[in-house]
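Here is how the chains run, residue by residue.
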Amino acid sequence: MKAQEFQEAAGCTDEVLSTAHNCRHYAMCKVDFLGNGVCASGPQRGFVAFYPQGHMDLYAALRDGGAPVTSGALAVADSCDLCGKCDHQCYFVTELRPTRVMRALKEHLAAYLQAGGRVESEAEDPVLARIREIVGDQWATNDRAIAVTYSHDPSPIAVPKLPAYVVLPGSAEEVASLLRLFKETGIPWTARGNGSNILGFELGEGAIIDLNRMREMSFDEKNWSVRVGPGVSAFELQSAAVARGFRVHVAEPAALVLASIMCSGILSLFATSYGTSAEGVLDARFVAPDGSTFSMNQKQGPNLFAFAPAPQTTPGICVSADLKLHPKTDDEEGALIPCSTLAAGLELSRELAQRRIGFAVGVLGIEYVASFMAPTQELANQAKQVFGERLGMACLVLVLGDRYAMGSLKQMGHPLIDQRLFRTLNLGLPHLASAPWLDLLTQLALDEPFGYLKAEGFAELAETALAPSPQRLARAVHPELREFHEKLYARPELTDLVWLNMFRITSSRIGREKHFFPILLYLPLEAGLIEELCARFQAIAQSRGIKHEVGFLAPIDSGKRCIFEYDYYVDQCDAGEIERVREAVGAVAAVIDEVGARTGTLRWMRYVLYQGFCRMENLLYTEVPRG
Amino acid sequence: MRRFLKSAGKSESPLSLLFQRGEREAACSAAGNRHAQAKFVLTGATGFLGSHLMAELLRRGHAVLALGRSAGGSTLQERIARQLDWFGLQPASEQLQCVEADLLKPHLGLAPAAYRALCRPATFVHLASDTRFAAANRAASLATNVGSLAAVLDFARDCSAPFFHYVSTAYVFPAESALCREEPVALGEFANIYEESKARAELEVISRCRDLALPYSILRPSIVYGDCQTGRSNSFTALYHHVKALELIRDIYLNDLTNQGGAKSRLSGIERAPDGTLKLPLRIVLPRKGHLNLIPIDFFLAATLQILSAPRPDTIYHLTSRTPSTMEELASFCENFLGIEGIEICYGAEPGNWRPNPAEALFNKLIEPYRPYLSDTRSFDSANLDAVAPEIVAPTLSYPIFERCMRYAVEVNWGATHRNGSGFPVR
Numbered sequence: 001m002k003a004q005e006f007q008e009a010a011g012c013t014d015e016v017l018s019t020a021h022n023c024r025h026y027a028m029c030k031v032d033f034l035g036n037g038v039c040a041s042g043p044q045r046g047f048v049a050f051y052p053q054g055h056m057d058l059y060a061a062l063r064d065g066g067a068p069v070t071s072g073a074l075a076v077a078d079s080c081d082l083c084g085k086c087d088h089q090c091y092f093v094t095e096l097r098p099t100r101v102m103r104a105l106k107e108h109l110a111a112y113l114q115a116g117g118r119v120e121s122e123a124e125d126p127v128l129a130r131i132r133e134i135v136g137d138q139w140a141t142n143d144r145a146i147a148v149t150y151s152h153d154p155s156p157i158a159v160p161k162l163p164a165y166v167v168l169p170g171s172a173e174e175v176a177s178l179l180r181l182f183k184e185t186g187i188p189w190t191a192r193g194n195g196s197n198i199l200g201f202e203l204g205e206g207a208i209i210d211l212n213r214m215r216e217m218s219f220d221e222k223n224w225s226v227r228v229g230p231g232v233s234a235f236e237l238q239s240a241a242v243a244r245g246f247r248v249h250v251a252e253p254a255a256l257v258l259a260s261i262m263c264s265g266i267l268s269l270f271a272t273s274y275g276t277s278a279e280g281v282l283d284a285r286f287v288a289p290d291g292s293t294f295s296m297n298q299k300q301g302p303n304l305f306a307f308a309p310a311p312q313t314t315p316g317i318c319v320s321a322d323l324k325l326h327p328k329t330d331d332e333e334g335a336l337i338p339c340s341t342l343a344a345g346l347e348l349s350r351e352l353a354q355r356r357i358g359f360a361v362g363v364l365g366i367e368y369v370a371s372f373m374a375p376t377q378e379l380a381n382q383a384k385q386v387f388g389e390r391l392g393m394a395c396l397v398l399v400l401g402d403r404y405a406m407g408s409l410k411q412m413g414h415p416l417i418d419q420r421l422f423r424t425l426n427l428g429l430p431h432l433a434s435a436p437w438l439d440l441l442t443q444l445a446l447d448e449p450f451g452y453l454k455a456e457g458f459a460e461l462a463e464t465a466l467a468p469s470p471q472r473l474a475r476a477v478h479p480e481l482r483e484f485h486e487k488l489y490a491r492p493e494l495t496d497l498v499w500l501n502m503f504r505i506t507s508s509r510i511g512r513e514k515h516f517f518p519i520l521l522y523l524p525l526e527a528g529l530i531e532e533l534c535a536r537f538q539a540i541a542q543s544r545g546i547k548h549e550v551g552f553l554a555p556i557d558s559g560k561r562c563i564f565e566y567d568y569y570v571d572q573c574d575a576g577e578i579e580r581v582r583e584a585v586g587a588v589a590a591v592i593d594e595v596g597a598r599t600g601t602l603r604w605m606r607y608v609l610y611q612g613f614c615r616m617e618n619l620l621y622t623e624v625p626r627g
Numbered sequence: 001m002r003r004f005l006k007s008a009g010k011s012e013s014p015l016s017l018l019f020q021r022g023e024r025e026a027a028c029s030a031a032g033n034r035h036a037q038a039k040f041v042l043t044g045a046t047g048f049l050g051s052h053l054m055a056e057l058l059r060r061g062h063a064v065l066a067l068g069r070s071a072g073g074s075t076l077q078e079r080i081a082r083q084l085d086w087f088g089l090q091p092a093s094e095q096l097q098c099v100e101a102d103l104l105k106p107h108l109g110l111a112p113a114a115y116r117a118l119c120r121p122a123t124f125v126h127l128a129s130d131t132r133f134a135a136a137n138r139a140a141s142l143a144t145n146v147g148s149l150a151a152v153l154d155f156a157r158d159c160s161a162p163f164f165h166y167v168s169t170a171y172v173f174p175a176e177s178a179l180c181r182e183e184p185v186a187l188g189e190f191a192n193i194y195e196e197s198k199a200r201a202e203l204e205v206i207s208r209c210r211d212l213a214l215p216y217s218i219l220r221p222s223i224v225y226g227d228c229q230t231g232r233s234n235s236f237t238a239l240y241h242h243v244k245a246l247e248l249i250r251d252i253y254l255n256d257l258t259n260q261g262g263a264k265s266r267l268s269g270i271e272r273a274p275d276g277t278l279k280l281p282l283r284i285v286l287p288r289k290g291h292l293n294l295i296p297i298d299f300f301l302a303a304t305l306q307i308l309s310a311p312r313p314d315t316i317y318h319l320t321s322r323t324p325s326t327m328e329e330l331a332s333f334c335e336n337f338l339g340i341e342g343i344e345i346c347y348g349a350e351p352g353n354w355r356p357n358p359a360e361a362l363f364n365k366l367i368e369p370y371r372p373y374l375s376d377t378r379s380f381d382s383a384n385l386d387a388v389a390p391e392i393v394a395p396t397l398s399y400p401i402f403e404r405c406m407r408y409a410v411e412v413n414w415g416a417t418h419r420n421g422s423g424f425p426v427r
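Heads up: the protein sequence lines correspond to chains V and H, in order. To convert, note that position 130 of the first sequence is 130 in full-length UniProt numbering; the numbers rise steadily by one, no gaps. To convert, note that position 91 of the second sequence is 91 in full-length UniProt numbering; the numbers rise steadily by one, no gaps.
Be aware that one or more of the hints could be misleading.
To be verified - Label pairs and their in silico Cβ distance ranges: (1) H:ALA186 / V:ASP331: 52 to 58 Å; (2) H:ALA263 / V:ASP331: 27 to 33 Å; (3) V:HIS326 / H:THR258: 48 to 54 Å; (4) H:ALA139 / V:LYS410: 25 to 31 Å; (5) V:PRO302 / H:ALA139: 37 to 43 Å; (6) V:GLU480 / H:ALA139: 53 to 59 Å; (7) V:ALA589 / H:GLU78: 38 to 44 Å; (8) V:ARG491 / H:ALA263: 20 to 26 Å; (9) V:ALA306 / H:GLY72: 29 to 35 Å; (10) H:GLU344 / V:LYS410: 37 to 43 Å; (11) H:GLY188 / V:ARG355: 34 to 40 Å; (12) V:LYS410 / H:ARG69: 37 to 43 Å; (13) H:GLU78 / V:ASP331: 37 to 43 Å.
As the list claims (entries may be wrong) - Reference excerpt, derived from the structure (chain H facing chain V, CB under 10 Å, subset only): (14) ALA136; (15) ALA140; (16) ARG200; (17) GLN260; (18) LYS264; (19) LEU267; (20) PHE363; (21) VAL388; (22) VAL412.
Hint data in this document are derived by calculation from the structure and do not stem from the laboratory. Remember, predicted model here, so these are calculated numbers, not experimental data. We put the beta carbon where it would ideally sit given N, CA and C, even for glycine.
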């Protein structure tokens, strides 16, 4: 009896299945970024399958015939206590409600068993037995219902791959033993953090080595250092660092820190002052593919500091790293400076980096900002229209800094949205979209774009007009989630630009309307070059009917170079659109290779894979042969 | 001499003094019979002054060639059709020709054959203008207001134009001038790039027209608002700009008092009086007492048509009011119209300890570019206009006229929604 036959018996609707199919695989349900806890079974059992993300994938696989009903599937369904925390987390990021999928999974399997369905067992496997000897029985499996939850990652254009084994080592020694075993048996392996890599590099048909159990985190404050295991997420590390009065340089909240460094270096607005790649690393220890170990500081070890502008193979698995701690001050603030052209935003960000104003600087696209500020997609669309079309913003430059940096910004004479006004706009967003007084701002901007932001008392007038409050913003969300959102937005950090960016919450909603594929480049911060690339990426997308937007840009190394992201959006359930984006990415590659050959200064992210521990200067300035 | 009554409640429009009913009917009939009269080339026909002039010329049966550009996704033809729809006109295609042209390029950016085909004798009225004040727009303002003259005057030459009329502004004189005469101006200190570019353009017109032996006139209107008889307007800048801003600020506080408890309003001393009036303390600080020279569009139109009908070579005309408004009068009009009280005009330097409330701060920011006009002390001699149109006099802006114009503006939501339902751009 096949699982699909039980759809109706389980009371499933296509809407529930659609929710399951639309899981973005960001792993945000694995970190407590909203402060209300995470699904209890996940940390206890370790495998992705026991987190809400895995439940979603399993349910979709059972419904689609992609996995059999196994003992693992029953264990996954039983482990969920329908606490509803995943609804809060997933709604915040994607506006999806996974709890009904959790419920549907239970009902689906109950109906299957009641109808006499057979629970399949995996065959005896000598390799699995040897793996289990290394890590313990409970940390390795070949159960297809568990493995299927490792067959996806957040790349909307990656082809799913079902691994034969999933293993969760608990130490560097276990990792070394596993790699020796896989070398001996010829089993290909893929190391996986939280599976949140957005470029499709974490899938494999052999063994998946899930590093989530290796959660070492020990601070050495006198050396401004923290030792981190490969299972520590960005959010966890930043939380621990901030609690001790420090800050670390990390990627998106659910990304595992060492995996981020390995794959791409840390891409963030903080790269302006903290650099990227090896800049944030004091030392790191690796297990090589042959099971031997080495460290970055080892004189005779592999030279991970080198960078080559060509595809590389993995140097092994990073099993721990000592990362830099950065100081914080108690007067840190954020400000957004609207710009009427992208070129103006680029020039401003370059100037700020060159003058070392602010410890984090970035040019943010309007889609990026509107997506984050709005708790629903409908409101995000309205906000984008207001900021972009009615108020004439092409981009916003975000600056985080101390009071001296904020003073410098004001001295430079830029109209700016300060922390107070940002909070007002964010919590008053539902009123902003329909406010007649926007005409007043349009009038005020006729002779000086955004000149109203310089008027004394503008923030107070905006507060009067928008009546911002957590309650007002919460009215925009689903009625069942309003009470939670009222409490959530009453917390100051949810509208604090420094906190939101330090913990990388601002980018979490970028894929809410649709999944996205980022085109990531390191390149000179030159408006002409970036505008040329934007125009060509835009033309490629438009000719294929693909939604596209400037994502963000952050200056590095005093504004001499920058990280630049341009996004293509794709409906992950639309095979036609996925194919069009695949084609478009091919065309983008040709453009990057052509412009890279002409200028000798571009570094595409696909060449940075496995080289993220390289010296920053080697990454940014190594001469590339010109065409 | 027939003059506007000061109350202007039932007075005749300046235009009606020129074109009595019979004449208008004859003009329409001529248009209907497709016997076009003299031909005019217009630039700026999609603008406030230009659209009114175009409509009246068409009503009189003249043929018009409108030069302009597409904008906002609409072709020139579509933009002009929207304007004419507002005027209730649907001219025959033989009477109105719209040509998309780039006034910054030789031969208007047209192919040689297309350009040659347009070169037919016609009177030129050049109204196209960039009216922005900000220094940041300097390059664009100079290009539009001065740079475009080369191609337009070349075209006038190639058309063997009998006359070239240039619409400038009364504010080409330095702010400290006392009496401004209808004479060429010397370059000096200007309040903004708009004034400077118009002054430069006047000098260019005079110089080039002399070289080309092309008779010219320069028309210098002051600040133009809607039709003083009907209140109608298809542009809501200048005077409207400030009234609308006050309305929006008023509504923010009314909403706060009505729906949000009013705590923010009370902090700024803003409250509602028992009779419903909003007490809105709003001090406007100006360097000195002056006046604002405002004229209605129907006066501009009547005077311009009179000048076009009997052009005097190489003459400058001031189309201005002899009775400019004081800021106190305008503040009082705004208070009455908007149901607010508390606008106070203060003269001199800002007090060192002045802490404006948010409404004051924003409104003072809003009027910043217009300050030179709010405390203006210039007066304008209009002897040349008096000589050609002694019966045409700008009416004093009374409250009934103000109310009529603003009521119309509110009815059409300051141009966002036109009365007939068609969208109409504010600017």
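Consistency of the hints with the structure:
1. H:ALA186 / V:ASP331: 52 to 58 Å: With a Cβ separation near 54 Å, ALA186 (chain H) and ASP331 (chain V) satisfy 52 to 58 Å, so the hint holds.
2. H:ALA263 / V:ASP331: 27 to 33 Å: Between ALA263 (chain H) and ASP331 (chain V), where Cβ atoms are some 29 Å apart, the hint holds.
3. V:HIS326 / H:THR258: 48 to 54 Å: Holds, at about 49 Å.
4. H:ALA139 / V:LYS410: 25 to 31 Å: Once the Cβ atoms are compared, 27 Å apart, the range 25 to 31 Å for LYS410 (chain V) and ALA139 (chain H) holds.
5. V:PRO302 / H:ALA139: 37 to 43 Å: 56 Å, violated
6. V:GLU480 / H:ALA139: 53 to 59 Å: 56 Å, holds
7. V:ALA589 / H:GLU78: 38 to 44 Å: Holds, since ALA589 (chain V) and GLU78 (chain H) (Cβ atoms, about 42 Å apart) stay within the stated range.
8. V:ARG491 / H:ALA263: 20 to 26 Å: Because 23 Å falls inside the window, the suggested range holds.
9. V:ALA306 / H:GLY72: 29 to 35 Å: About 54 Å separates the Cβ atoms of ALA306 (chain V) and GLY72 (chain H), which means 29 to 35 Å is violated.
10. H:GLU344 / V:LYS410: 37 to 43 Å: The hinted range 37 to 43 Å is violated for GLU344 (chain H) and LYS410 (chain V), with Cβ atoms some 29 Å apart.
11. H:GLY188 / V:ARG355: 34 to 40 Å: Holds, at about 38 Å.
12. V:LYS410 / H:ARG69: 37 to 43 Å: Holds: the Cβ-Cβ distance is about 39 Å, inside 37 to 43 Å.
13. H:GLU78 / V:ASP331: 37 to 43 Å: 55 Å, violated
14. ALA136: At 7 Å from the nearest chain V Cβ, ALA136 (chain H) passes the 10 Å test, so the hint holds.
15. ALA140: 12 Å, violated
16. ARG200: This hint is violated: ARG200 (chain H) lies away from chain V, its Cβ roughly 20 Å from the closest one there, beyond 10 Å.
17. GLN260: 5 Å, holds
18. LYS264: With Cβ-Cβ at 4 Å, under 10 Å, it holds.
19. LEU267: Nearest chain V Cβ about 8 Å off; hint holds.
20. PHE363: Given a least distance of 9 Å, the restraint on PHE363 (chain H) holds.
21. VAL388: 35 Å, violated
22. VAL412: 13 Å, violated
Violated hints, listed in ascending order, are 5, 9, 10, 13, 15, 16, 21, 22; each of the other numbered hints is respected by the structure.
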